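*Asks:* Taken in order, these protein sequences are the chains called A and B.
Under this note's numbering, the first residue of the first sequence carries the number 28, and numbering increases by one thereafter.
Under this note's numbering, the first residue of the second sequence carries the number 111, and numbering increases by one thereafter.
By construction, these hints were calculated from the structure, which means they are not laboratory data.
Quick caveat: nothing in here was measured; it's all calculated off a predicted structure.
One should not assume that every hint holds.
Claimed, not checked - Each pair of labels, with its calculated beta carbon distance range:
#: 1; chain 1: A; residue 1: P120; chain 2: B; residue 2: V222; range: 56 to 64 Å
#: 2; chain 1: B; residue 1: L271; chain 2: A; residue 2: T113; range: 33 to 41 Å
#: 3; chain 1: B; residue 1: Y162; chain 2: A; residue 2: D55; range: 51 to 59 Å
#: 4; chain 1: B; residue 1: A281; chain 2: A; residue 2: L106; range: 38 to 46 Å
#: 5; chain 1: A; residue 1: G46; chain 2: B; residue 2: L224; range: 45 to 53 Å
#: 6; chain 1: A; residue 1: P120; chain 2: B; residue 2: I179; range: 27 to 35 Å
#: 7; chain 1: A; residue 1: S29; chain 2: B; residue 2: R232; range: 28 to 36 Å
Unchecked claim - Here are a few chain B residues that sit away from chain A, every Cβ distance over 12 Å (derived from the structure):
#: 8; residue: A122
#: 9; residue: H123
#: 10; residue: D127
#: 11; residue: T158
#: 12; residue: A169
#: 13; residue: S172
#: 14; residue: L210
#: 15; residue: E237
#: 16; residue: G238
#: 17; residue: F263
#: 18; residue: A270
#: 19; residue: V282
#: 20; residue: A295
#: 21; residue: Y296
#: 22; residue: E301
#: 23; residue: V324
Each residue gets a CB set at the ideal place from its N, CA and C atoms; glycine is no exception.
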Amino acid sequence: MSGPRLYLLVLVALLGLTGLTIYVSHLDIGPFSAPVAFAIAATKALLVMLVFMHLKESHGVLWLAALAGFFWLGILVVLTMSDVATRGVLPIPGK
Amino acid sequence: MADHAATAEHVAHQFDDAGQQKLAAELGMWIFLATEVMFFGGMILGYTMYRYLYPVAFAHGSQRLSVVIGGINTGVLLLSSFTVALSVHAARTGARRLLLAALGVTIVLGVVFLGFKAHEWRHHYHEGLVPGIHFTYAGPDAAGVGMFFWLYFALTGVHALHLTIGIGVMAVIATLAWRGRFTPAYHNPVEIAGLYWHFVDVVWIFLLPLLYLVGRHAP
Numbered sequence: 028m029s030g031p032r033l034y035l036l037v038l039v040a041l042l043g044l045t046g047l048t049i050y051v052s053h054l055d056i057g058p059f060s061a062p063v064a065f066a067i068a069a070t071k072a073l074l075v076m077l078v079f080m081h082l083k084e085s086h087g088v089l090w091l092a093a094l095a096g097f098f099w100l101g102i103l104v105v106l107t108m109s110d111v112a113t114r115g116v117l118p119i120p121g122k
Numbered sequence: 111m112a113d114h115a116a117t118a119e120h121v122a123h124q125f126d127d128a129g130q131q132k133l134a135a136e137l138g139m140w141i142f143l144a145t146e147v148m149f150f151g152g153m154i155l156g157y158t159m160y161r162y163l164y165p166v167a168f169a170h171g172s173q174r175l176s177v178v179i180g181g182i183n184t185g186v187l188l189l190s191s192f193t194v195a196l197s198v199h200a201a202r203t204g205a206r207r208l209l210l211a212a213l214g215v216t217i218v219l220g221v222v223f224l225g226f227k228a229h230e231w232r233h234h235y236h237e238g239l240v241p242g243i244h245f246t247y248a249g250p251d252a253a254g255v256g257m258f259f260w261l262y263f264a265l266t267g268v269h270a271l272h273l274t275i276g277i278g279v280m281a282v283i284a285t286l287a288w289r290g291r292f293t294p295a296y297h298n299p300v301e302i303a304g305l306y307w308h309f310v311d312v313v314w315i316f317l318l319p320l321l322y323l324v325g326r327h328a329p
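Sequences and hints are given; from them, build the entire structure.
*Replies:* And the structure:
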């Protein structure tokens, strides 16, 4: 499937996932709230990039540029949080 | 290529053929979008850090936003991404009327999104939730709630700026389409503008849960 029919199907999926993430946010699922919300958002973003932005039929070099943005964002967040989230884990001598 | 003669007039002299020219244009846009990811990334990082440090305040801040308006606006933007995908399909197949209609609907949906956003901002101002201008939130977690709203206005403000630029770009594309500048052989500007619009949609896909859906299950 391709073209407008596929786009319509993706639109319905995106709207459904939006409803799902709003519904799930009202449930008390403890520490899983944020990961589930992120997973749904990542799925929606992937659908938009693969289908609407035609990544699935694109040259590999476009995949590389697309992945690079998220890879660098990952470095930025993971390295910073590995500092912020581990402060106070180890005792500092003399403090 | 059968349509080589038709495309040759659109191929700039530095390119071998229309295919290479299109790939170069798309690669340029994707690289720009990667830099845009990093542009929003600084604010996403600030959000992640402060939400880690002030989880309760971020939930309280988020609860002051309207899930209904946030949800409707998400639907509006997703619908506009669909119409942009349709416009690119129309450009590829040479369907000029569909191309113009899809671009027109896209622009209208973009304006509707900004209208809802402006309504929300005005509401926050009246509720005293605008740090630095009119912030009257009192309580033990006021500093954290203030930080949430700083990030909220920075993220939604920069996103709205991108959408405003997107509306302007789509207006230019629609004008060019009206003048009949695009053919199935050459319509790179439609494809490139579409990529930018979808990116603005992707940013909002992440902003919805980050800003509107924190701590919703709490009483």
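*Asks:* Hint by hint, say whether it matches the structure.
*Replies:* Hints and how they fare:
Between A/P120 and B/V222 the CB atoms are about 60 Å apart, so this pair conforms to the stated range of 56 to 64 Å. The hint said 33 to 41 Å for the Cβ distance between B/L271 and A/T113, and at roughly 35 Å that hint holds. Checked against the given bound of 51 to 59 Å, the beta carbons of B/Y162 and A/D55, roughly 20 Å apart, lie outside it. Hint check: B/A281 to A/L106, Cβ distance near 41 Å, so the stated range 38 to 46 Å holds.
For A/G46 and B/L224, the Cβ-Cβ distance of about 23 Å falls outside the hinted range of 45 to 53 Å, so the restraint is violated. Checked against the given bound of 27 to 35 Å, the beta carbons of A/P120 and B/I179, roughly 52 Å apart, lie outside it. Between A/S29 and B/R232 the beta carbon distance is about 43 Å. The supplied range of 28 to 36 Å is therefore violated. Once the 12 Å rule is applied to beta carbons, B/A122 is consistent with being away from chain A; the minimum gap is 19 Å.
With a closest Cβ-Cβ approach of about 22 Å to chain A, B/H123 is found to remain outside the 12 Å limit, as its non-interface label requires. With a minimum CB-CB distance of about 14 Å to chain A, B/D127 clears the 12 Å threshold, and the non-interface call stands. For B/T158, the shortest C-beta to C-beta distance to chain A comes to about 6 Å, within the 12 Å cut-off, and the non-interface label is violated. A beta-carbon of chain A is positioned within 12 Å of the beta-carbon of B/A169; the least distance is around 10 Å.
For B/S172, the non-interface assignment is contradicted: its Cβ lies about 9 Å from the closest Cβ of chain A, within the 12 Å cut-off. In this structure B/L210 is separated from chain A by more than 12 Å, as the shortest Cβ-Cβ distance comes to about 16 Å. Once the 12 Å rule is applied to beta carbons, B/E237 is consistent with being away from chain A; the minimum gap is 21 Å. No beta-carbon of chain A comes within 12 Å of the beta-carbon of B/G238; the shortest separation is about 25 Å.
Distance check on B/F263: its Cβ is at least 21 Å (rounded) from any Cβ of chain A, clearing the 12 Å threshold; non-interface status holds. No Cβ of chain A approaches the Cβ of B/A270 within 12 Å, the least distance being about 19 Å, so the stated non-interface status holds. No Cβ of chain A comes within 12 Å of the Cβ of B/V282; the nearest lies about 20 Å off, and the non-interface call holds. With a least CB separation of 17 Å from chain A, B/A295 remains clear of the 12 Å interface cut-off, as annotated.
At the 12 Å boundary, the C-beta of B/Y296 stays outside the reach of chain A, the nearest C-beta of that chain being 17 Å off. A beta-carbon of chain A is positioned within 12 Å of the beta-carbon of B/E301; the least distance is around 8 Å. Non-interface status of B/V324 relative to chain A is broken: a Cβ of that chain comes within 12 Å, the nearest being about 8 Å off.
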